[in-house]
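Protein chains in written order, with the numbering used here: chain A, 13 to 265; chain B, 230 to 678.
Please keep in mind that the hints were generated in silico from the structure rather than gathered at the bench.
Since the structure is predicted, the reported quantities are computational estimates derived from the model, not experimental observations.
A virtual CB, placed ideally from N, CA and C, is assigned to each residue, including glycine.
One or more of the hints may lead you astray.
Straight-line Cα separation of at most 30 Å, DSBU-like style, residue types lysine-lysine; simulated pairs [what the hints assert, rightly or not]:
| # | chain 1 | residue 1 | chain 2 | residue 2 |
| --- | --- | --- | --- | --- |
| 1 | A | Lys77 | B | Lys628 |
| 2 | A | Lys17 | B | Lys628 |
| 3 | A | Lys120 | B | Lys663 |
| 4 | A | Lys120 | B | Lys628 |
| 5 | B | Lys628 | A | Lys22 |
| 6 | B | Lys628 | A | Lys75 |
| 7 | A | Lys120 | B | Lys653 |
Calculated from the model, a selection of chain B residues having no Cβ within reach of chain A, i.e. all distances over 10 Å [stated by the list, open to error]:
| # | residue |
| --- | --- |
| 8 | Ala244 |
| 9 | Glu513 |
| 10 | Asn542 |
| 11 | Arg624 |
| 12 | Gly625 |
| 13 | Phe639 |
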Amino acid sequence: MLEIKELQAKVEDTQILKGISLQVNPGEVHAVMGPNGSGKSTLGKVIAGHEDYLVTGGSVAYKGKDLLDMEPEDRACEGVFLAFQYPVEIPGVGNNYFLRTALNSIRKYRGEEELDAFDFLELAREKADLVELDRSLLDRPVNEGFSGGEKKRNEVFQMAVLEPTLAVLDETDSGLDIDALKAVADGVNSMRGPDRGFIVITHYQRLLEYIVPDYVHVLHDGRIIKSGGKELALELEEKGYTWIEEEAANPAS
Amino acid sequence: MTAPNAADTQTFLDAYAERGKVDGPEWLASYQEESMKLFRAAGLPLPGSEEWKYTNLAGLRKREFALAGAQPQQITSTDLSELLICDPDGFLAVFVNGVFSAEHSRLPEAGSGIQVEPLSAAIENGSPGVEELVASGKTFGFESFADLNSALFHSGAWIHVTRGAEITEPLYLLHISDSPDGSLMTHPRNVVSLEEGARLTLIEDYLGLGDSAYLSNPFTHFQIADNAGAVHYRLVREGEGSFHVSNLGVRQAGHSSFTSHSFCFSGGVVRNDVAAFLEGEGVECTLNGLTVGRGEEHVDNHTRIIHSQPNCNSWEMYKAVLAEKAHGVFNGKIYVAQDAQKTDAKQSNQALLLSDTAVMDSKPELEIYADDVKCTHGATVGQLNEDGLFYLRSRGIGKEAARVLLVYAFASDLVSGIEHPGLKAGVEALLFEKLPGDCEPAGVTVGAT
Ligand SMILES: Nc1ncnc2c1ncn2[C@@H]1O[C@H](COP(=O)(O)OP(=O)(O)OP(=O)(O)O)[C@@H](O)[C@H]1O
Ligand SMILES: [Mg+2]
């Protein structure tokens with residue numbers, strides 16, 4: 013479903029992604045870990061189509077199409093979703109209105125009928141309850157004044173409503189208390205299925221206890237330097253990143 | 230200062246001479262004559278003068294203007310319903326080219342606590358207080374255009390709310406300018422007085438038909454007695470070739486409140502002056518304004534709030550959305566006299582520039598002589614938030630729609646301040662009409678509720 017080949021990207025004059033290859037098949041969950049500044053969020057932004065990031069090499073195919081050639085909104089309409097590490101506050105736009113506009117824009121793109129305010133509200137409430145998002149947040153301006161944890165839940169709530177086929181979750185677990193972590197993980201797990209793929213960016217093994225990944229990748233300085241199964245995350249938790257960095261630096265030993 | 234250029238004032242002197250002495254009491258004739266002398270002596274504001282630093286009247290100086298005849302021009306009732314911004318569920322007074330149109334108006338009945346009539350009629354009938362109130366227009370410190378209005382006004386609305394009367398239906402004043410030959414000028418004078426404890430909602434709507442030139446020079450003043458309260462909406466929907474110069478003066482006695490929402494959606498060169506005098510204790514004064522400009526529109530808002538008594542609050546929020554080559558100006562003066570202790574004054578001016586060629590000039594002026602006060606002001610000029618735009622687009626919302634949504638969000642707190650539902654919907658529709666892209670009016674649900 014997603015095939016990233018030798019992807020290189022820079023922001024302003026700094027090369028950040030230096031050749032990333034990653035294949036996500038339907039039904040798979042890929043965890044991406046790696047030290048601060050290694051390029052994880054950049055990967056997410058490039059997949060979502062942020063214009064500040066200039067792709068300087070490689071390719072990304074999504075459902076057989078050239079993803080890099082598409083506008084951000086068209087990517088979303090084709091089923092790509094990014095849960096932001098730092099969700100943006102949009103004062104003056106109600107959360108409900110925003111999400112209904114988004115959902116209807118996607119439905120229109122797909123030739124489906126738009127939802128009226130009433131039907132949308134019903135759906136929104138159901139999904140809010142699923143991720144245990146306080147319903148009162150639906151009426152507030154998007155993310156404005158939300159606590160850190162509320163913002164993260166709001167991302168997962170949006171994902172639950174928009175039902176993407178490829179979801180990239182960028183540190184959705186950071187800043188969450190233990191109950192919230194479980195609620196968010198339950199929300200994600202309820203969406204796991206044979207047609208949907210996930211890239212879960214995280215620093216912590218703990219999330220991966222709830223959302224058990226099929227693969228774990230370690231990103232370092234713009235490259236994936238190691239990939240493995242879920243046990244790799246445990247190893248990282250125990251030993252940190254240095255041993256892999258050394259291993260990557262001296263492939264002979 | 231250089232001497233006023235006689236050529237600038239000639240067209241107005243000619244119009245004054247041509248009209249001759251108006252029917253009415255002696256005081257009116259001498260008031261108008263006196264006002265014309267003042268105007269003639271001062272002339273039009275000079276280019277480069279401090280108060281007109283950013284607003285160039287060169288286009289106005291080149292033109293000749295004439296007063297409309299005393300006969301109202303014809304508009305049909307079906308036209309009228311299309312011209313109104315909302316269904317006037319209360320009272321309606323329509324003026325076409327400065328002339329009152331009884332046919333299209335719906336005035337309150339006698340004894341209902343509110344008296345509304347054409348100012349010319351109030352003057353002719355000698356309504357109590359009319360002479361003093363008209364004359365009080367001189368006391369706001371306005372410049373030459375207010376004098377020009379005083380010299381040339383023919384009509385406008387006389388509005389008087391009696392003691393304790395709470396008028397729940399809004400009063401809608403529609404001033405239409407229709408100037409096919411590009412030479413019309415109007416000088417509407419609206420005189421509003423509220424007795425103790427009275428309540429009024431007033432909508433002033435200035436609408437131009439067509440793109441040719443005209444001068445619209447309204448002057449509205451409020452006299453608000455103790456414990457009275459007025460909510461005021463002002464809409465500028467003038468034509469592309471228009472010059473709209475308005476003055477709004479407010480005098481507030483103790484524990485009164487005045488809230489003004491000013492919306493400027495179109496016009497060639499627009500200049501609005503507001504002066505609010507807080508003259509009793511415990512006064513609340515709110516001045517809000519939203520400008521939406523595009524093309525080569527120029528909108529200059531000058532406000533003065535004068536705190537002369539203790540324990541008064543003033544809140545001021547002016548916002549501008551400027552596209553293409555539009556030019557916005559905001560000048561906000563807050564004066565706090567030595568006696569005005571415990572003043573709480575907040576001023577904010579924010580502009581959103583949608584193009585590299587749009588310009589905003591913003592100047593706060595705080596003059597504070599009391600020591601125990603809270604006065605804050607802030608001005609920001611910025612572009613659309615790129616992060617917000619990407620966030621919306623990443624959720625599937627198209628680029629244009631996302632831009633419109635963000636612009637709407639910027640303006641939303643001023644729109645959501647409109648209490649009248651019909652007017653709010655009308656303003657929202659105008660806002661979306663004026664913005665780029667083809668986004669549907671979103672109704673009151675856009676903003677957070
Ligand atoms: N807009 C930008 N301008 C300049 N540098 C940027 C920009 N965005 C990212 N970078 C730089 O790119 C590098 C990778 O950033 P990125 O956000 O992808 O890291 P990350 O792996 O997500 O880190 P973290 O774990 O801290 O979230 C960092 O050094 C960062 O400073
Ligand atoms: Mg990151």
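Status of each hint after checking the structure:
Only pairs whose Cα atoms come within 30 Å are accepted, and A/Lys77 paired with B/Lys628 is accepted, the gap being roughly 21 Å. Restraint check for A/Lys17 and B/Lys628: the C-alpha separation of about 28 Å stays at or below 30 Å, so the hint holds. Simply put, A/Lys120 and B/Lys663 have alpha-carbon atoms about 25 Å apart, close enough for the 30 Å limit, and the pair holds. Between the alpha carbons of A/Lys120 and B/Lys628 the distance comes to roughly 15 Å, so the proposed pair stays at or under 30 Å and holds.
Proposed proximity of B/Lys628 and A/Lys22 is supported: the alpha carbons are some 23 Å apart, at most 30 Å. Restraint check: the Cα-Cα separation between B/Lys628 and A/Lys75 comes to about 23 Å, which is no more than 30 Å; the hinted pair holds. For a cut-off of 30 Å, the pair hint linking A/Lys120 to B/Lys653 stands: about 28 Å separates their Cα positions. The beta carbon of B/Ala244 sits about 46 Å from the closest Cβ of chain A, which is more than 10 Å, so the claim that it is off the interface holds.
Annotated as non-interface, B/Glu513 keeps its C-beta farther than 10 Å from every C-beta of chain A; the closest such distance is 24 Å. Every CB of chain A lies more than 10 Å from the CB of B/Asn542, the least distance being 24 Å, so the non-interface label holds. A beta-carbon of chain A is positioned within 10 Å of the beta-carbon of B/Arg624; the least distance is around 4 Å. The Cβ of B/Gly625 sits about 4 Å from the closest Cβ of chain A, inside the 10 Å cut-off, so the non-interface label is violated.
Taking the minimum C-beta to C-beta distance to chain A, about 6 Å, the non-interface status of B/Phe639 is violated against the 10 Å cut.
Consistency note: the structure conflicts with the earlier hints numbered 11, 12, 13.
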